[in-house]
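Engineer: Read off the chains here:
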Amino acid sequence: MRGEGRLLRIGEFLVSLACRRLPRRVRDERHQEWAAELPVILHDPEIRLSARRAARMLAYALGTVRGAASPGRHRGRRRITGRTVLFGAIFIFVPAGLGVDVWNAVRAPEDWISYFCAGLTLLGLATNLGLYLRRSRSGKAKL
Amino acid sequence: MTAPLERVLRAFLADPSARRYGYDLMKAASLKSGTLYPMLGRLEEEKLVSSAWETPRQDGQRPRRYYQLTDEGIAAARLELAQLAATRQRAPARTAAPSRTARPAPGSLG
Chain E
6 MRGEGRLLRI GEFLVSLACR RLPRRVRDER HQEWAAELPV ILHDPEIRLS
56 ARRAARMLAY ALGTVRGAAS PGRHRGRRRI TGRTVLFGAI FIFVPAGLGV
106 DVWNAVRAPE DWISYFCAGL TLLGLATNLG LYLRRSRSGK AKL
Chain B
107 MTAPLERVLR AFLADPSARR YGYDLMKAAS LKSGTLYPML GRLEEEKLVS
157 SAWETPRQDG QRPRRYYQLT DEGIAAARLE LAQLAATRQR APARTAAPSR
207 TARPAPGSLG
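Those protein sequence lines, which keep their order, are chains E and B.
If you're matching positions, the first sequence starts at 6 in this note's numbering and goes up one per residue.
If you're matching positions, the second sequence starts at 107 in this note's numbering and goes up one per residue.
Since the hints were derived computationally from the structure, they do not count as laboratory data.
Where hints are given, some of them may not hold.
Unchecked claim - Interface residues of chain B toward chain E, partial, derived using beta-carbon atoms under 10 angstroms:
id, residue
1, Ala120
2, Ala124
3, Arg125
4, Tyr129
5, Leu137
6, Lys138
7, Ser139
8, Thr141
9, Trp159
10, Gln167
Unchecked claim - So the derived label-pair ranges between C-beta atoms look like this:
id, chain 1, residue 1, chain 2, residue 2, range
11, E, Gly8, B, Gly166, 29 to 39 angstroms
12, E, Phe98, B, Pro162, 56 to 66 angstroms
13, E, Ala101, B, Ala109, 45 to 55 angstroms
14, B, Glu150, E, Leu22, 40 to 50 angstroms
15, E, Arg14, B, Pro162, 18 to 28 angstroms
For each residue, glycine too, the CB sits at the ideal point set by N, CA and C.
Chain E with its partners taken away, still in its complex shape:
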């Protein structure tokens, strides 16, 4: 077929793109599997027109991109859940509160309430950080 090499390269590029979206442990295997099907589709004896074979090969490669991007266990990215939002909010607002406490302590060094609030905020931040790390290590963090 004319331009077969170029078509195969395009197909392989799309397959590589699809595999980048997969978890590392299955990436190479999937790439081998899908790339091996491309020349088979290009030489499919059941399809007479070479243009149709080329179109089917490209559709196959594009399909792998779509399949790899579909939500589920095979997706490399993590889902955003309520827990993610909660942890995100804690890590944004708690340091901001700490900043305010420190600023208040600088402005009024004699006011003990600023030190108390800053200590409380630090304790909260450390507790949350510890919880987050423990969940991440045990693989239970569903972010």
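Using the hints provided, position chain B relative to the given structure of chain E.
Structural biologist: Just chain B now, kept in the frame of chain E:
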């Protein structure tokens, strides 16, 4: 059971001992690769389908990966398809029957 899964299982059961390549299954089940491969992945995780690589070819072509139903998969697929067929047989009878007779009798599981 989804329609694509049903088609894949039927394609496998047409000849349970045959090696099925991804592209062949796509053609047999009239599915796109983006639908078929995630499904095969799930079936493999559930041990209903096994996969293996063919031996490297002499003509320099890359080895292909083929899929087969496991014994457990064959049994499960046959059962699921039989249940589906039974459900489909019952469904027209239910819709044809008047609504009063479709109501479960007192004391029955319905």
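Engineer: Determine for every hint whether it applies to the structure shown.
Structural biologist: Outcome of the hint check:
A cut of 10 angstroms between beta carbons decides the hint on B:Ala120: the least distance to chain E is about 17 angstroms, and the hint is violated. The interface hint given for B:Ala124 is broken, as the beta carbon of that residue sits about 16 angstroms from the closest beta carbon of chain E, more than 10 angstroms. For B:Arg125, the shortest C-beta to C-beta distance to chain E is roughly 14 angstroms, which exceeds 10 angstroms, and the interface hint is violated. About 5 angstroms separates the beta-carbon of B:Tyr129 from the nearest beta-carbon of chain E, less than 10 angstroms, and the hint is met.
A hinted interface residue such as B:Leu137 counts as satisfied when its beta carbon comes closer than 10 angstroms to some beta carbon of chain E; here the least separation is about 9 angstroms, so the hint holds. Interface restraint check: B:Lys138 against chain E, minimum CB-CB distance 4 angstroms, threshold 10 angstroms, status holds. Of the supplied interface hints, the one on B:Ser139 holds, with its beta-carbon coming within about 3 angstroms of a beta-carbon of chain E, less than 10 angstroms. The beta carbon of B:Thr141 comes within 7 angstroms of a beta carbon in chain E, closer than 10 angstroms, and the hint placing it at the interface holds.
Taking 10 angstroms as the C-beta contact cut-off toward chain E, the hint placing B:Trp159 at the interface holds, the least distance being around 8 angstroms. At its closest, the beta carbon of B:Gln167 sits 7 angstroms from a beta carbon of chain E; the interface hint therefore holds under the 10 angstroms criterion. Under the hint 29 to 39 angstroms, the C-beta atoms of E:Gly8 and B:Gly166, about 20 angstroms apart, miss the expected range. A hinted range of 56 to 66 angstroms holds for the C-beta pair E:Phe98 and B:Pro162, which are about 58 angstroms apart.
The supplied range of 45 to 55 angstroms is met by E:Ala101 and B:Ala109, whose beta-carbon atoms lie about 52 angstroms from each other. Taking the beta carbon of each, B:Glu150 and E:Leu22 are about 23 angstroms apart, not inside 40 to 50 angstroms as hinted. Remark: the range hint 18 to 28 angstroms for E:Arg14 to B:Pro162 is upheld by a beta-carbon distance near 22 angstroms.
The structure fails to meet hints 1, 2, 3, 11 and 14 from the earlier list, while all remaining hints are met.
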